[in-house]
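These protein sequence lines are chains C and E, in that order. Using our numbering, the letters of the first sequence correspond one by one to residues 1 to 204. Using our numbering, the letters of the second sequence correspond one by one to residues 1001 to 1235.
Some hints here could point you the wrong way.
[To be verified] Here are the computed lysine to aspartate or glutamate pairs in the EDC-like style, where the Cα-Cα straight-line distance is at most 16 angstroms:
| hint | chain 1 | residue 1 | chain 2 | residue 2 |
| --- | --- | --- | --- | --- |
| 1 | E | K1159 | E | E1175 |
| 2 | E | K1142 | C | E78 |
| 3 | E | K1102 | C | E85 |
| 4 | E | K1142 | C | E193 |
| 5 | C | K117 | C | E193 |
| 6 | C | K83 | E | E1103 |
| 7 | E | K1142 | C | D114 |
For the record, the hints were derived by calculation from the structure and aren't laboratory data.
Given next are the chains, with one letter for each unit.
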Amino acid sequence: MSIFEYNGSAVVAMVGKNCFAIASDRRLGVQLQTIATDFQRISKIHDHLFIGLSGLATDVQTLYQRLVFRHKLYQLREERDMKPETFASLVSAILYEKRFGPYLCQPVIAGLGDDNKPFICTMDSIGAKELAKDFVVSGTASESLYGACEAMFKPDMEAEELFETISQALLSSVDRDCLSGWGGHVYVVTPNEIKEKILKGRMD
Amino acid sequence: MGDSQYSFSLTTFSPSGKLVQIEHALTAVGSGQTSLGIKASNGVVIATEKKLPSILVDEASVQKIQHLTPNIGTVYSGMGPDFRVLVRKSRKQAEQYLRLYKEPIPVTQLVRETATVMQEFTQSGGVRPFGVSLLVAGYDDKGPQLYQVDPSGSYFSWKASAMGKNVSNAKTFLEKRYTEDMELDDAIHTAILTLKEGFEGEISSKNIEIGKIGADKIFRVLTPAEIDDYLAEVE
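One chain only, chain C, in its complex shape:
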């Protein structure tokens, strides 16, 4: 089993009309044994910027701590929040610093940029950025997620419809993957509010 599949994970982000949604599964496993069913894979950097990390859980947590550290210093120095594109460049640089001993994570970054334009991107474990206009996926369930998102996605969805779409895509994909699942955690972010919901799916 590859080291990226040690803990199991599924993360997906989708673009809507002046909003975005980011969702993840909640399982933390050690190979085939489930250890926790409430593992936090998505974290808020600031009100309009979220990062979801799939892959090895220890690196997920450490990388998140490093990024929050860098962002807090940036906020103090520059007296402003980081733009999503800027944050993505920072994450890419931090991952590439460890080119020959990488963090075993694949980040999914989602945010609202200038004029509340949604921004999503993903990258591999050494920082190769992949921007997308519709959706990005990562984790052990990524192949199923690609299929589900491709089938269910429509451009310019409003927040409610986006929530339904991303939830259905996530739940149906993790059902095809034994290493991810045990519910879902969805954030839908509009310029004025953040809606956080826990999904109950097949608890296996």
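Position chain E against the provided structure of chain C, taking the given hints into account.
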């Protein structure tokens, strides 16, 4: 460096609480050629005297106003070689920021990092402070900005400022002439008049240098022909 006679810091406090080396550095700045900057409502202009030691010097090869980034420029009063070193370091810092964040460095951040370098040279072993004060002119998302950085590493944002030989006359002149809603072309005229105040000899496009940045966010050094046009308008 550990056993050397000069491994202690040359900037040690005097009993009166001053750092004498920094005072001397400021004196070096004060005896340098006059330079000034004015922040207009839609841009910034910086200018300096360009007195060459002899008529045999090829004046086109001397450039006192330098770019730090496409939208930030700088000029100095004091020691030219120290200025060159600072410009080199600042350019590198600006490029490192761009490489990390893929975003051009804000003017305040670049000024702060440059000032940090200058401060380090007042608290390290075996080095002396820089003998220059810088005027940094830039235009970014926060609008036009003008900063002055001193050898001590302190920096201030100015609406208009001058440095060098003629500093007190120039500042008095600027205090009288400055208005909040000045436009860039007015500011250039005012800059020329301020330089003229203390100028020894005839002012011409060959012995002054002017740099400007407008709402297009591109810093440019004016050509001698453009300076001649502005000089003619001022007459």
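- Item | Index of numbered hints that the structure contradicts, given in increasing order | 4
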